[in-house]
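K.L.:
Required output: the full structure, derived from the provided sequences and hints.
Line order of the protein sequences matches chains X and A.
Residue numbering for the first sequence follows our numbering, starting at 1 and increasing by one per position.
Residue numbering for the second sequence follows our numbering, starting at 1001 and increasing by one per position.
Incorrect hints may have been included.
[What the hints assert, rightly or not] Mimicking DSS-like on lysine-lysine, the simulated pairs with C-alpha atoms at most 27 Å apart in a straight line are:
hint: 1; chain 1: A; residue 1: Lys-1115; chain 2: X; residue 2: Lys-29
hint: 2; chain 1: X; residue 1: Lys-161; chain 2: X; residue 2: Lys-228
hint: 3; chain 1: X; residue 1: Lys-161; chain 2: X; residue 2: Lys-231
hint: 4; chain 1: A; residue 1: Lys-1115; chain 2: X; residue 2: Lys-23
hint: 5; chain 1: X; residue 1: Lys-29; chain 2: A; residue 2: Lys-1122
[Stated by the list, open to error] In silico negatives: residues of chain A with every beta carbon more than 10 Å from chain X:
hint: 6; residue: Asp-1042
hint: 7; residue: Arg-1044
hint: 8; residue: Gly-1089
hint: 9; residue: His-1097
For the record, the hints were derived by calculation from the structure and aren't laboratory data.
For glycine and all other residues, C-beta sits at the position ideal for the given N, C-alpha and C.
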Amino acid sequence: MGGLAHYLEEEGIPTTQIALIRKHAEEIKPPRALAVPFELGRPLGAPNEPEFQRRVLRTCLELLARDSGPVLEDFLDNAPGADVDQDGWACPVNFAAPMDDISDQDLIRQSLEQEIALLRPWYEESKQTRKGRTNFGISGQTPEDIAAYLAEVVIAREDAKSPIAGTPPHLAFKHMADDIRYFYMEAAIARPDGQVTDLEIGNWLWGETTLGKVLVTIRDWAMETEEKGFKALAITAIVPTHQRHRTIHG
Amino acid sequence: MPDFGETPWADARSLPESRICVLSTAGLHVRGDAPFVGYAADYRVIPGDADMDDLVMSHLSTNFDRTGFYQDVNVAFPIDRLRELAEEGVIGSVANHHFSFMGATQPARMEPVVKDMVGILKADGVDAVLLVPV
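P.N.:
Written out as structure tokens, the structure reads:
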């Protein structure tokens, strides 16, 4: 992020920025940066907190008025809700225990389809609550298409055929895995009661669903494969850090 | 961490006169645009008048919270807040085009692309860029 500020500023365009990782800003020394104490993924602090977001934004923009730099200031207030004890969230759907035996492509697909069917009304509810807004739709595939492809990747591994014309298997996998995680997560946070954290949602998705098991299984394989595309995704792009204890390689 | 050398400095106009553009590294794009792939140094244009409910995130990394973004685009892309500040006269105006990269890309690969972008910024009358990470 700070590097981009250097490039723009060299061309005469003034910049100001939010810094989520203070250490990076200290090292890269962009001209103007506001270090914030928020969770990664939430540079403005918290969703649906317009007043708080405005304060962060204004503080950051006001750094443009300085006459020399580099400027690195701290925004000291924690995000609203960050200190709340967050154990109020529960997924609206009770699943059967996730599959133990991830070895039969048809059974995997069926188990995923069942989860999708149970989550779909909540996904729709969630979308409606957010006036039609959803993150699903990156790959252009339906949840059922995605279930079928993930089941194929688990079993056929590097021989799985990409269902998206012109997109190699690992990228098709990445876009579909993102989509299906969005579908699950948006369904899971459909009920507006209480705050929910990335970790809580993660513990549910990765610990209690067949989808989580399937993605962990694919990650375990991807860590050891010689297939370049999946290998490149394996370390950071399949399982989040806070869920890697569920994988073989950590 | 790459060494970017001395900090460059461009003087800014006063805030109430400034037209502001947002550059995000969250891998944002309008649904239907090509998702981000690999570590390419390309960017997507987010038209200022796009329906922000159609904004999606295809960042490569799984290591940041996305639940906030599901609930409110502004937590990562503060477009509504900027529009409010423009209406109140705190800033001059909001640019017609905003930009998103996928921030896991090596900065050096983005350099020529960012420098090309400057022409677009100038044509849009942008006075300052707000950089927002994820």
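K.L.:
Just want to verify: A:Arg-1044 was marked as not at the interface with chain X; is every Cβ pair farther apart than 10 Å?
P.N.:
holds, 12 Å
K.L.:
Check the hint pairing A:Lys-1115 with X:Lys-23 against an upper bound of 27 Å on the C-alpha distance.
P.N.:
Holds - the C-alpha atoms of X:Lys-23 and A:Lys-1115 are around 25 Å apart, at most 27 Å.
K.L.:
Do the alpha carbons of A:Lys-1115 and X:Lys-29 lie within 27 Å of each other, as the hint requires?
P.N.:
holds, 19 Å
K.L.:
Regarding the pair X:Lys-29 and A:Lys-1122, is the alpha-carbon distance no greater than 27 Å?
P.N.:
This hinted pair holds, its Cα atoms lying about 24 Å apart.
K.L.:
Mind checking the alpha carbons of X:Lys-161 and X:Lys-231 for me, to see if they're no more than 27 Å apart?
P.N.:
holds, 17 Å
K.L.:
Between X:Lys-161 and X:Lys-228, does the CA-CA distance stay at or below 27 Å?
P.N.:
holds, 15 Å
K.L.:
Would you assess whether A:Gly-1089, listed as outside the interface, keeps its beta-carbon beyond 10 Å of every beta-carbon in chain X?
P.N.:
holds, 13 Å
K.L.:
Beyond 10 Å from every chain X Cβ: check whether that's true for A:Asp-1042.
P.N.:
holds, 14 Å
K.L.:
Hey, does A:His-1097 actually stay past 10 Å from chain X on C-beta?
P.N.:
holds, 14 Å
Hint check: no violations occur; every hint is consistent with the structure.
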